[in-house]
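**Q** For reference, the chains in residue letters:
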Amino acid sequence: MNSVLGMVILFIGLLFNVLGCVGLIRLPDVYNRLQAATKCVTLGTCIVLISVAVHAGGESVPTVLKCLLCVAFILITSPTAAHALARGAHASGVKLWKKSVVDKYAEDQEPGIREET
Amino acid sequence: MMTEVVYNLAYIVLIACCGMCLYRIGRGPTAPDRAVAIDILGIVVVCFTAIVSLQTGKAYYLNVGIAWAILSFIGAIALAKHLEGKGFDE
Chain A
1 MNSVLGMVIL FIGLLFNVLG CVGLIRLPDV YNRLQAATKC VTLGTCIVLI
51 SVAVHAGGES VPTVLKCLLC VAFILITSPT AAHALARGAH ASGVKLWKKS
101 VVDKYAEDQE PGIREET
Chain B
1001 MMTEVVYNLA YIVLIACCGM CLYRIGRGPT APDRAVAIDI LGIVVVCFTA
1051 IVSLQTGKAY YLNVGIAWAI LSFIGAIALA KHLEGKGFDE
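Residue numbers (the working numbering), protein chains in the order written: chain A, 1 to 117; chain B, 1001 to 1090.
Only chain A is shown next, with the shape it has when bound in the complex:
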C-alpha cells in the first residue's frame, strides 16, 4: 500500500519537474522563465522527497527526518535565490519581453514618479 501510494506521488512530482523544465525552454524572457521554472521545480522536488518519506514509512525514521529537513530547506532557500536572481537580472539591465505590460520595480526605482503620486 505504501509503495503504490509512493509511486503515484513520485510521478506527480516528476510531472511538475518536467513541466517546469519545459517552461525553462519555451518561455520568452528571463523573468517568465524564472517564475515558471522556480515554482514548478521546487514543488516537484518537494513532492518527490515526500514520496521517498512515504516509501520509507515508519520503518526508517532517519530517512523520513532527512526528507523533511531537505523539504524545509528547499522551501526556504529556493524562493530566496529566485528573488535574488530576479533582482540581479533587473539590475544588470535585461529588458522585459516586448509584450510584458507592467514593470513596478522600475517604476519604484525612478524618483520622479514616486514624488508625483
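These are calculated hints, taken from the structure and not from any lab test.
Note that beta-carbon positions come from the ideal geometry of N, C-alpha and C, so glycine has one too.
The reader is advised that the hints may include incorrect statements.
Residues of chain B placed beyond 10 Å of chain A at every Cβ, according to the derived structure [unchecked claim]:
hint : residue
1    : Met1001
2    : Asn1008
3    : Asp1039
Here are some, though not all, of the chain B residues that point toward chain A, as calculated from beta-carbon distances under 10 Å [as the list claims (entries may be wrong)]:
hint : residue
4    : Val1006
5    : Cys1017
6    : Cys1018
7    : Asp1033
8    : Ala1035
9    : Val1036
10   : Ala1037
11   : Ala1050
12   : Asn1063
13   : Phe1073
Could you slot chain B onto chain A? The hints should help.
**A** Using the frame of chain A, we list chain B on its own:
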C-alpha cells in the same frame, strides 16, 4: 521487477530535465538566463539523489542532496550578487 521499471523511467525523466537545463545554460542569450538554469539544475539534482536513495534503500544519499541544495543556494546567491554588480559581503 515492476519497481525497477519505475525507477528507470524516473531516471529517464530526470535526465531529460537536466538536458533541458543544460540546453538553457548553453544557449541562453543573456547571463541571467544561465544563472537561472544553474539554480534549477541544482534543485533537479537534489531530486535525483532522492530517487537514488529510494532505489538503493540507503539514507545517506539524502545527505548528499541536502549538501547539494546548500551549495546550489550559495552559488545562486553569489551569481545574483555578481549580476547586480556588488561584492558578496554587501
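**Q** Hints first: check each against the structure and report whether it holds.
**A** Hint check:
no. : hint    : result
1   : Met1001 : holds, 13 Å
2   : Asn1008 : holds, 12 Å
3   : Asp1039 : violated, 5 Å
4   : Val1006 : holds, 6 Å
5   : Cys1017 : holds, 4 Å
6   : Cys1018 : holds, 8 Å
7   : Asp1033 : holds, 6 Å
8   : Ala1035 : holds, 6 Å
9   : Val1036 : holds, 5 Å
10  : Ala1037 : holds, 6 Å
11  : Ala1050 : holds, 5 Å
12  : Asn1063 : holds, 7 Å
13  : Phe1073 : holds, 4 Å
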